[in-house]
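Chains as they are written, first to last, in the numbering used here: chain A, 1 to 886; chain B, 1 to 84.
These aren't lab readings, by the way, just hints derived from the structure by calculation. For every residue, glycine included, the Cβ atom is placed at its ideal position computed from N, Cα and C. Just to be clear, a hint being listed does not mean it is correct.
Some chain B residues flagged as far from chain A (calculated, every beta-carbon gap over 12 Å) [as the list claims (entries may be wrong)]:
(1) M1
(2) N2
(3) Q4
(4) K7
(5) S8
(6) A9
(7) D40
(8) S41
(9) S56
(10) K83
Below, a list of computed lysine-lysine pairs in the DSSO-like style, where the Cα atoms sit at most 30 Å apart [as the list claims (entries may be wrong)]:
(11) B:K83 <-> A:K349
(12) A:K349 <-> B:K46
(13) B:K82 <-> A:K349
(14) A:K352 <-> B:K82
(15) A:K865 <-> A:K466
Okay, the calculated beta carbon distance ranges per label pair [to be verified]:
(16) A:F79 <-> B:S8: 29 to 35 Å
(17) B:S8 <-> A:W389: 49 to 55 Å
(18) B:M1 <-> A:A159: 47 to 53 Å
(19) B:Q4 <-> A:L150: 46 to 52 Å
(20) A:G163 <-> B:T49: 42 to 48 Å
(21) A:K390 <-> B:I80: 48 to 54 Å
(22) A:G354 <-> B:M1: 24 to 30 Å
(23) B:Q4 <-> A:R428: 22 to 28 Å
(24) A:W167 <-> B:T49: 51 to 57 Å
(25) A:L526 <-> B:Q4: 54 to 60 Å
(26) A:F79 <-> B:M1: 44 to 50 Å
(27) A:L526 <-> B:I80: 53 to 59 Å
(28) A:A517 <-> B:K83: 48 to 54 Å
(29) A:A441 <-> B:I80: 43 to 49 Å
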Amino acid sequence: MLTETKTINRPDTTAVVAAPSRLLGNYLNKPAQFLAILLQFALIAVIIDNWHLESQVLARLMWLAVVGFAIHHLLPQRFRLPFFALLSLVAVVTGVGHIGPNVWMGWLSGRISSSGLLYHFFPGLTLVAIGLGLIGLCHLPIRFAARVGLVAAAGAGLAFLRGHSQWFPDIADMWVVLGSMFMFRLIVYLYDLQHRTAPFSFSRAVSYFFLLPNVCFPLFPVVDYKTFCSTYYNEDWVPIYQNGIRWMIRGVAQLLLYRIVYQYAPLDVSTLSSSLDAVGFMLGTYLLYLRVSGTFHLIVGLLHMFGFNLPETHHLYYLATSFTDFWRRINIYWKDFVMKLFFYPTHFKLRKMGTIPALAVATMVTFLATWLLHSWQWFWILGKPLFNWKDFSFWMILAVLVLVTAIYETTRGRKRTLRPSRVTIRTRLMYGLQAGGTFCAMCLLWTYWSCQSWSEFETLMDAASKPSWSDVLVILGVFALVCGGGMLWGQSSRETSEGKRTTAARGPFPFWRSAVAVTVGSLCLLAGPSLATRTIPATKGAIARLHDDVLNARDMNQQRRGYYEDLDVSRKDNWGWQNAEEPEGWDKGKKAFVRPRSDFLLTDVVPSMNTVLAGAPCTSNSLGMRDREYQKAKPANTYRIVLLGASNDMGTGVKNDQTYENRVEDKLNAHLPDARYSQYEILNLAVRADSILQRVLRLEQEGFQYQPDAAILSVSAVDEQFIASHLRKALMQGIEPTGDYGDVVQSVIRRARVNGKMPAVMIERRLQPYVTELWAWSFRRFAQQCAQHGIRPVVMYRPAPADFAGLEATGRSKTLQLARAAGLEVMDLSPAFDAVTDRSSLILAKWDDHTTALGHRLLAEELYKDLLALLFSSSSQQKISPQPKP
Amino acid sequence: MNEQEIKSALKTYILNEFLPGEDPAALTDATPLMTTGILDSIAVLKVVTFLENEFSITVEPHEAVVDNLNTISDIARLVIAKKT
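This is chain A alone, in the form it adopts within the complex (with noise of 0.2 Å):
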């Protein structure tokens, strides 16, 4: 059974070892560095907590480690791994079943019921039954073969349940966990029970699979189950936690990085307009993977406080000097994982073939199991495989990049050394040329994997296709960076998941050096945005974008296009991966609220629909607004104004009645300031993603029949982006558009040589230099129409719930500049949100940043105040037409 096999023949590595010698000063020394490191964990947790780092779960777990590691640390030496082993489950089954302060609070207070709370409890506890049942099934007193056949069933019978997770809505959040748990575990565990190298218990089983971290990592490291045990406590517990420490800070800053990187490189292919842009796009996509090795140092630091003293997951893999080297250096787990499993088998199954052929057939079933055993992994965090050929080609193409290179090493060998002061200054050049062509072979080879498309990878060539001058310097200024970081540390060697150097090998541990730096930059981490934002205050909209986890504006402009939908699937589930994604019926009415149109405008709002969008109720009129009823003609003694404008105008996200237009419509009613007018309304003709060649295209087809006073013609400084998409909509569908749209849409496309034939992102990123000219000419048009229509054209700015992406200022003014030479009066609804300190407050949610009720009800206070002004003061009353039409 579990405690079946007890066959290692090496010393007890989990008696805590420390000389005699040392004892008496230890004994002082001790509690101080116990407290040392406990301070050091605090402040890591509250970094997390914080920077909002990852997701909710991990700042709760985060804090539950801490208490947990003061206690695990007083316990007794036995007691310690059941110690850990229970822990790991109280925060599977919280994590999963998301219960946190409020949970509880709830219950306390009576707003939860007992079996609501219990509820709360049945994901968690279902996972750790199935994961039980696993374990025991590896221990079943049968034949080896047998228990693995019956493993492989179970697997499959989870899997197919995993796949339709639908069944059982309850126990949803589960599957990933699960899968990330005991996807690769399983195999390890059963390798190492078959062979006997370690030791077996209850304990160590629970432990390994329920690891800690685990439940809020989906990807996690492939920990070898032999390490695991033989890494515990295997030297003394101040260097084994002071190392978790600095594994779990360098794990907070690359996650930091990350964010940087996030936020702030070009990711957006349709948005490129020099070859610096593609080639930045290039080096983000590349440098993303920093939240993996972000999390999995945080996730290898956390064990360590656990007294599981495991090796380095990653080690300066940008700096990899050979393709070998880098699969050596990135993810090295998972590495040693399909070595062991894949690599090592086959090669000493092959090996009479010779060394050569034996290599490359290894290398080859290495590099297919790696692809096959990454499908799985994502069809248990997907709930579908990812069977496609960019994934099955990248591994093909990196297998063959190790292999050659492999073979390289075997025939002509690879300079090692004992000593680092025999490397000479040739040598470091050699190290960094090779640092620095490794990394640009690996920037394109990922980038060609992370790439949606092909058809995206063809628009990124064609943004890089004419680089000037300066471009090019700044790109060999890049390239001398890496190569100067190869020089000084391409060279350096790295763990094995096996095991780590000897203690004697590392030296003398520096403990307190060690332990300061990391209290100081950890303070540094806390105090740092709120001192940066007191001193200079214009990093304030930086210091929120890295601060927040919030989408970047690559996603929240793909979101607001409808992209998803559109084009791709495979990025919104990389977007759901990213902890943004919208619950279960959030937008079930966006589909069916509007419908498609067979003229340049596209779409409009099916009449009489009533359904739900981002979460909230939804209703359009007879006439297809997302309005109340009104008639037709206009009533007699009544102010009409139309509204044109996007999802933000058409009120997505919030009740009929909280629209800001709603709002503007009942407080002109209950103060009617104009004695002409008993009645005011304000129709809403905004439609979801309409550009500005729709609104005004609307207005003339829709707008001028219900014989409106004004028009208001709503823009934000995002809404730029909806042309290129709208054109490049219309172009793909073969719809052209009449008249003098014509002549101004087939000029740009003319210029911008894009056909519908052509990829999508290529159409959007050539028509990216016109968007401003068909802006001016829209307001020019609006100015027109109105005019001829005898309406007062009003443009009104509304301003942005939340500017992520540090759009609102060149934007707004841009916008303004454009709308005033068009001659047109314009309304600044801008100060409606400065009252507003976080602005985060005024979107729906992270994965959807659509203006809340709140936030309504702010632009209809601007509204109306600016309303007033503007068209029902004395001065003003003298533009209004004198007469209101029957």
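Got chain A sorted already, so can you dock chain B onto it with the hints?
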């Protein structure tokens, strides 16, 4: 072959194959080889082939691990265990 002879043969092989020009005194019986990257996966395969040919033993895939191959002493211990 006794343990010293095995270690001597191993040391000569490792110096010639992986550390040409290195001072023989710098390579001791306890010098870590796998955990410092001197023996990577490909080098491990070469060492295994050498062991099998030189000492007429068979090494299994699960034995090609750091516990058995990290130092000259570890390797010698593996060879002796296999031969007995």
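Inset, instruction - List, from low to high, the hint numbers that the structure doesn't satisfy. - result: 7, 8, 15, 16, 23
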